[in-house]
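A.B. asks: What follows is each chain in one-letter form.
There are 2 protein chains.
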Amino acid sequence: MYRCSMERMTDKIKTFSHFGDAGHGGITRYSLSPEAILARNEFRRRMEKIGATIEIDDLANVYATLPGTEPGAKRIVMASHCDSVKNGGNYDGILGVMSAMEVLETVVEQQIPHKHPLTAMIWTNEEGSLYPPAMMCSGIVCYDAMPESIRKGFQYENMMASRSVLNASETFGQALESSGWKGERRYRLSPERYECYFETHIEQGPILEDHLNEIGVVDCVLGMFNDRLKFYGQTVHAGTFPMPKRRDAFHAAAQALCYLHEEIDSLHIPDLVYTTGEVVCHPDVHTCVPDYFDFSIDVRHESAQALERVLEVVEGCQNRQWAGCRCEVVRAWNRDTVYWDKELVGYVREACEELGVTHQSIHSGAGHDAQFAAYMLPTTMIFVQSKDGLSHCEPEYSSPEHCTDGASVMLNAVLKADKR
Amino acid sequence: MYRCSMERMTDKIKTFSHFGDAGHGGITRYSLSPEAILARNEFRRRMEKIGATIEIDDLANVYATLPGTEPGAKRIVMASHCDSVKNGGNYDGILGVMSAMEVLETVVEQQIPHKHPLTAMIWTNEEGSLYPPAMMCSGIVCYDAMPESIRKGFQYENMMASRSVLNASETFGQALESSGWKGERRYRLSPERYECYFETHIEQGPILEDHLNEIGVVDCVLGMFNDRLKFYGQTVHAGTFPMPKRRDAFHAAAQALCYLHEEIDSLHIPDLVYTTGEVVCHPDVHTCVPDYFDFSIDVRHESAQALERVLEVVEGCQNRQWAGCRCEVVRAWNRDTVYWDKELVGYVREACEELGVTHQSIHSGAGHDAQFAAYMLPTTMIFVQSKDGLSHCEPEYSSPEHCTDGASVMLNAVLKADKR
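Those protein sequences? They're chains E and Y, same order as listed. Taking numbering that gives the first Met the number 0, the leading residue of the first sequence gets 0, the next gets one more, and so forth. Taking numbering that gives the first Met the number 0, the leading residue of the second sequence gets 0, the next gets one more, and so forth.
Pulled out of the complex, with its shape left as it was, chain E reads as follows (with noise of 0.2 Å):
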């Protein structure tokens, strides 16, 4: 077994950290912005330091390869992403990056034999925090092997033209021209050039520290859907029109949202999870009786039939009257669960068992590069413990133990994809 050096993780998690700094302890570092170029930079310089050759392909996803040592064996990947969303913390996407790092910088320091060239790599934007969609740039070179259901969201000429939410004069396309990061389409990640996929990320939920484990053994991406419930009535005056004859919108939202509480929870589907965190009320005045409310609902479970149990409860909610109010549920999208590699599973839990490092089986429930790369290589990911289960914020955090045996734990799953 092989173990990854604390000292040297925790000098990175402290200079990535400073990339994007928002002063409160965490950081803003949206794709191809300044703070990701500083970033992406130092990934550069820590590579090209310890004799890795450097790819960039034409979406400025960056590859760090060592040479292994039979020839024409193809290339084992471990990737993540260096952009976060505003105000998040100095974990979610860096940490799988810097987890790749080590486990390069470990082999060229332990001397580590290995048939297979490793790559250590970066995705652009994968949190379309600045230009949406999240994952898109995986979504682009992972198109041909999505499902066409998915695949329509990524269209290239539509992501090139994606516009930024701060300043929608400038597109992806046009900051990725000035970014100085635009490569070659020939070093995209490709089944032709590399054997399989690893990505260690943060659990982002509380249930490795509920079950005092380190690492989760992540096993797929749960299927989910997410819909939209939207509310028909009629605005009027608050003060002149009698409440019998109201047809109030947000008060038909918050009876349906209440039943759909009572009657998703009373279908008992162990681990089910289901939100609803976006709303729209029309005209949003407080002088006026609201004449449209709608609200999101994301739904996610393993189990195709346990979703659409739950389908059946909010589409069937356009059957019944809320508050004088017609009730329409569209669709926004839905994916079904994806099952990492059973193989490279295998490795990781093998890999945590002899290391002696706590771990349990999980599901991730959150969308990451690596559901995507599954639809084209062998893939599996890598959980470490989130304090608090919280992420996407600044308190988020994962001790440098954690995250080193992290580290660690996907080093030796990879060796021994290394030698099958």
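If you are wondering where the hints come from, they were derived from the structure by calculation, not from laboratory data. Hints may contain errors.
As the list claims (entries may be wrong) - As a list, the in silico BS3-like pairs of lysine-lysine whose alpha-carbon atoms are at most 30 Å apart:
1. Y/K386 / E/K244
2. E/K386 / Y/K244
3. E/K181 / E/K13
4. Y/K48 / Y/K73
5. Y/K386 / Y/K13
6. Y/K229 / E/K85
7. Y/K13 / Y/K48
8. Y/K85 / E/K229
9. Y/K73 / Y/K114
10. Y/K418 / Y/K341
11. E/K73 / E/K418
12. Y/K48 / Y/K418
13. E/K341 / E/K386
14. E/K48 / E/K114
15. Y/K415 / Y/K48
16. E/K386 / Y/K229
17. Y/K386 / Y/K341
18. E/K73 / E/K48
19. E/K415 / E/K114
20. E/K85 / E/K151
21. E/K85 / Y/K244
22. Y/K85 / Y/K181
23. Y/K114 / Y/K415
24. Y/K13 / Y/K181
25. Y/K386 / E/K229
26. Y/K114 / Y/K341
27. E/K341 / E/K418
28. E/K229 / Y/K244
29. Y/K229 / E/K229
30. Y/K85 / E/K244
31. E/K244 / Y/K229
Fit chain Y to the known structure of chain E by using the hints.
C.D. replies: For chain Y alone, coordinates are given in the frame of chain E:
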């Protein structure tokens, strides 16, 4: 009895509907906008044509006055506003101005004798759509006469500094300066120069239509309070955080909203209206559980005791847990019921009876400039039936017959006030 001209009234309705015509039956005519200036010019042109004297005060309020026969008699004023909300209708506000013009035109045409000077008046910025708050200029003019609790919202310097909701770099004070309609402070409405105040307005509710009455004899503006219910939870990731540990502020707000409807309705307070029209959701992202949600509640009733009972229910929300979230209730503002002058209300009723116009007593649920004028002068209002109770929207409609009868009622009520 005197009667106004439906032909002339119809012509005015048609003409003023052009100023700010938004192309689908209604208007957008923000105060002091080019569209509002067109309406002001038309008012001035028509009033000068019948020999009225134009005065403009330092807030661009416009006064057109016909002299009376009794030397030194104070003026009787008929006022309303010519600005609208975004995509508003052709009646809210401007009907009161057109009715005042029609009264003066009828007085001149029919050579009706009157002791007091008669004034038709336009208030600047009643809606506050571009420069909040609503009823800004009546608030400034009546400042000294208002209760202190209301007064603080209309401090002159603050009003001049009110920023455009469309362009934060422009203030109301600047718009006033550059409008060409800023006159002299000495022309402001005042008890020294004015005897009493009339305002004709559309009902903005369905009560008159439901009771088959043309005209509402308004007796008061309802007392009200406007509070904000705030819910504090915790934001976590939609896919990774187990349901039982969540504290969802939107779910909390929905529960509280349903509770409020049940509890307030069970008080069985006749004629009570309450409205929850405005919401804030944070972070308002479909993949995040909301950590904050708030909504407004606007409650109106004639009786202070009834309002107190509802307030108890609203404030009681703070003592309960809502989906694991804390609730806080914050007062935005409140007002006591403002009663109109009993004598003037009597003149309006008598005028209806003598003209044979169907009518009933009614409260004003909406706020109007008249409610501030009432702190300074004997005041009353006349409501004209609204089709379907709609207002602040393009389908807003009152028939030419009803509009003309409203003007005739005001004319005869004003002549009664003139005689006392």
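A.B. asks: All hints are to be evaluated individually against the structure, with a verdict given for each.
C.D. replies: Against the structure, the hints:
For a cut-off of 30 Å, the pair hint linking Y/K386 to E/K244 stands: about 14 Å separates their Cα positions. For the suggested pair E/K386 and Y/K244, the alpha carbons sit about 14 Å apart, so the restraint of at most 30 Å is met. For the given pair, E/K181 sits about 28 Å from E/K13 by alpha-carbon distance, which is consistent with the 30 Å threshold. With a C-alpha separation of about 23 Å, the suggested pair Y/K48 and Y/K73 falls inside the 30 Å cut-off, and the hint holds.
Taking the CA atoms of Y/K386 and Y/K13, the gap is about 18 Å. The hint holds against a cut of 30 Å. A threshold of 30 Å between alpha carbons decides the hint, and for Y/K229 with E/K85 the separation of about 24 Å falls inside it, so the pair holds. At most 30 Å may separate the alpha-carbon atoms for a hinted pair to count; Y/K13 and Y/K48 meet this at roughly 19 Å. In summary, the hint linking Y/K85 to E/K229 is supported, as the alpha carbons are separated by about 23 Å, within the 30 Å threshold.
Proposed proximity of Y/K73 and Y/K114 is supported: the alpha carbons are some 9 Å apart, at most 30 Å. Simply put, Y/K418 and Y/K341 have alpha-carbon atoms about 16 Å apart, close enough for the 30 Å limit, and the pair holds. Between the alpha carbons of E/K73 and E/K418 the distance comes to roughly 12 Å, so the proposed pair stays at or under 30 Å and holds. Our distance criterion of 30 Å between C-alpha atoms is met by Y/K48 and Y/K418, whose separation comes to about 26 Å.
With a C-alpha separation of about 28 Å, the suggested pair E/K341 and E/K386 falls inside the 30 Å cut-off, and the hint holds. For the given pair, E/K48 sits about 21 Å from E/K114 by alpha-carbon distance, which is consistent with the 30 Å threshold. As the CA atoms of Y/K415 and Y/K48 are separated by approximately 26 Å, the hinted pair is consistent with the 30 Å bound. Taking the CA atoms of E/K386 and Y/K229, the gap is near 28 Å; set against the 30 Å cutoff, the hint holds.
Between the alpha carbons of Y/K386 and Y/K341 the distance comes to roughly 28 Å, so the proposed pair stays at or under 30 Å and holds. A threshold of 30 Å between alpha carbons decides the hint, and for E/K73 with E/K48 the separation of about 23 Å falls inside it, so the pair holds. Straight-line distance between C-alpha atoms of E/K415 and E/K114 comes to about 11 Å, which keeps the hinted pair within the 30 Å bound. Simply put, E/K85 and E/K151 have alpha-carbon atoms about 27 Å apart, close enough for the 30 Å limit, and the pair holds.
For the given pair, E/K85 sits about 24 Å from Y/K244 by alpha-carbon distance, which is consistent with the 30 Å threshold. Simply put, Y/K85 and Y/K181 have alpha-carbon atoms about 24 Å apart, close enough for the 30 Å limit, and the pair holds. Pair hint Y/K114 plus Y/K415 holds up; C-alpha atoms about 11 Å apart against a cutoff of 30 Å. Our distance criterion of 30 Å between C-alpha atoms is met by Y/K13 and Y/K181, whose separation comes to about 28 Å.
Restraint check for Y/K386 and E/K229: the C-alpha separation of about 27 Å stays at or below 30 Å, so the hint holds. Between Y/K114 and Y/K341 the CA atoms are separated by roughly 22 Å; this keeps the pair inside 30 Å, and the hint holds. Of the pairs offered as hints, the one joining E/K341 and E/K418 holds, with about 16 Å between alpha carbons and a cut-off of 30 Å not exceeded. Taking the CA atoms of E/K229 and Y/K244, the gap is about 27 Å. The hint holds against a cut of 30 Å.
Between the alpha carbons of Y/K229 and E/K229 the distance comes to roughly 23 Å, so the proposed pair stays at or under 30 Å and holds. Between Y/K85 and E/K244 the CA atoms are separated by roughly 24 Å; this keeps the pair inside 30 Å, and the hint holds. This hinted pair checks out: E/K244 and Y/K229 have alpha carbons roughly 27 Å apart, not beyond 30 Å.
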